[in-house]
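Undergrad: What follows is the residue order along each chain.
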Amino acid sequence: MKQQKEIKHALLFFIIVLCIIIPVSLFAKDRSSTDLTILHVNDMHGHILPYIEKSVDKETPVGGAAYTASMIEAERRKNPGGTLLLAAGDMFQGTPISNIFRGRPVLEIMNYLKFDAMAIGNHEFDWGLGTLENLGSSAAFPFLSANIIDRRGKYLPGVKPFVFLSRKNLKIAVIGITTPETVVTTKPENVKGLVFLEPERILPGLVKDVRSSGADIVILLSHMGLDCDKIIARVPGIDIIVGGHSHTAVFRPVAEGGTTIVQAKCYGLYLGVLHVKVDLRTKKVISYSRKEELRVVYAGPGASFDSSVARLVQKYHDRIKDEFAKTVGKTAVNLVRNSRGESNIGDLVCDAMRESSGARIAFQNSGGMRVNIEKGRITMEQIFTLLPFDNLLVSMDLTGEQIRAILEQSAGMEHGILQVSGIRVILDPEKSRGSRIVEINVGREKLQPDRIYRVVTNDFLAAGGDGYRIFKEGKNIVYGDDLREAMINYLKKHSPVYPQAGGRIIWRLIR
Amino acid sequence: MPKNQEHIVVYVNDLPVEIYRGMHVKHALISCSHELYRAVLEGDLIVKDENGFPVGIEGSLCDGSRLFTVKRENP
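Here the protein sequences come in this chain order: S and R.
Here the numbering used here is used: the first residue of the first sequence is -6, the next is one more, and so on.
Here the numbering used here is used: the first residue of the second sequence is 2, the next is one more, and so on.
Bound-form chain S, shown alone (with noise of 0.2 Å):
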């Protein structure tokens, strides 16, 4: 009886005990690996205000400074001490608010942020190495490049190749790289004198390099667009790519072998989140979020805001609107739009956009003008209304027949008349399609057929917008100035302006 009594005690005592240690042991923190979290955003270009997103919600807005702030704030919290913050390039060009001031506005959020990198993309070079370098010793974080060099072999004032940050114990090296496409994508000016080497050739030894200075992860902040980066996966070595430049809405992380590549889009649609898990003995990855790496950031009502970020963006908010109702310039005469025939504001347009250019000859078609201005001042918002679209000046070689051709099609008024400058054309228009062509002149002389001429258009032409095959044929080409910086380059250095219409492109009867 007392021998049951003791053994029924001692089973109770051992059912007490696994009690305590079960839930203990479920419980216990797993020493053996940490989690990082890599936050990450690409292409902002600028988007620091919320805007209709159609692809995604044709009501709701998405995106702003201040919404995707919040996010920042509240996955940090979930992860303090182990929280990375990455911007993939191509920050700061892209909308009025930004491109007036030459970035600040983004900038000074980056700053408020603590951002911890930046790989330099393509458009940053878009205002010119002065802007670019100034931004960047305002930084608060490091402008990353490893392949952009100038000819004495050395790195851009104020870029480092890499950096180290330290998270949980783990040394983890940021190696930042741009696209070599920024030499054909910008302004020859913008990027005279620099080498943007292939970063195939650079990265396995720069790899080498911060694993024997002891990173444990290895993250390439990179500017070269989704198909680059899985290519550049293959250099051994790198855990993780950080992407941009393709505005790659990346859901799913992509492995290609051993590395792991993610991007957010652009504009500050999404917020990437990529949680990796660390071995702590090995401190090699284990795992990484497979899925919801990408978090829309809604700005409709209800959404979570943070009120210093919404105040900086309302402070740049107020003040372009004093921008947009500067003067830029000055017309004599009303300046009035005509998609049949030559037309005052189209000779105007392609004037500025030769001048920025120095091409010879320049196209516009009517239709990307929208707006009628009166005579008087011309403000900047107006400039705005007249060219909404985000066009660029595009120069290439043409021969005569070429552009021969173009003036054909622009006769034929499928999409209303081509503009220009720098040439004259008389029309018949008793001839059929295809031949109303009586005479061009380049200058004071015919052209010729055979010869190259120096072109500008836009780039929706450019890309054979409206039909105009043809000037997907060009050669040599160049990536110019915005179209209205063009046209606001242009006011202001010849206002007052009296364009009047009917030299250049002449319907004429002939007998």
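In short, the hints are calculated from the structure, not lab data.
Every value quoted in this text rests on a predicted model; they were computed, and no experiment measured them.
Some hints could be false.
Partner residues aside, some chain S positions facing chain R, computed with beta carbon under 8 Å [as the list claims (entries may be wrong)]:
| id | residue |
| --- | --- |
| 1 | K47 |
| 2 | A133 |
| 3 | E174 |
| 4 | V177 |
| 5 | F453 |
| 6 | G457 |
| 7 | G458 |
| 8 | K465 |
| 9 | I470 |
| 10 | Y472 |
| 11 | D475 |
Note that beta-carbon positions come from the ideal geometry of N, C-alpha and C, so glycine has one too.
Dock chain R against the given chain S, drawing on the hints supplied.
TA: Showing chain R alone in chain S's frame:
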């Protein structure tokens, strides 16, 4: 293809489209068809890459990029 070549060929809904190097998704759409471009601007169609990921119309392209336009799903 040589890196300094001025043109690239991309594919929109499996149709080859030649555009200048440095042009974006929108230029490929413009070159393909204005109706297609307009439908994307209106949000009736979205553009996806060969991985099925949506891409922005100002996104970069490289030689051989493949784009597909699909009807926008209602949220």
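Undergrad: Broken hints, numbered, in rising order?
TA: Violated hints: 2 and 11; rest satisfied.
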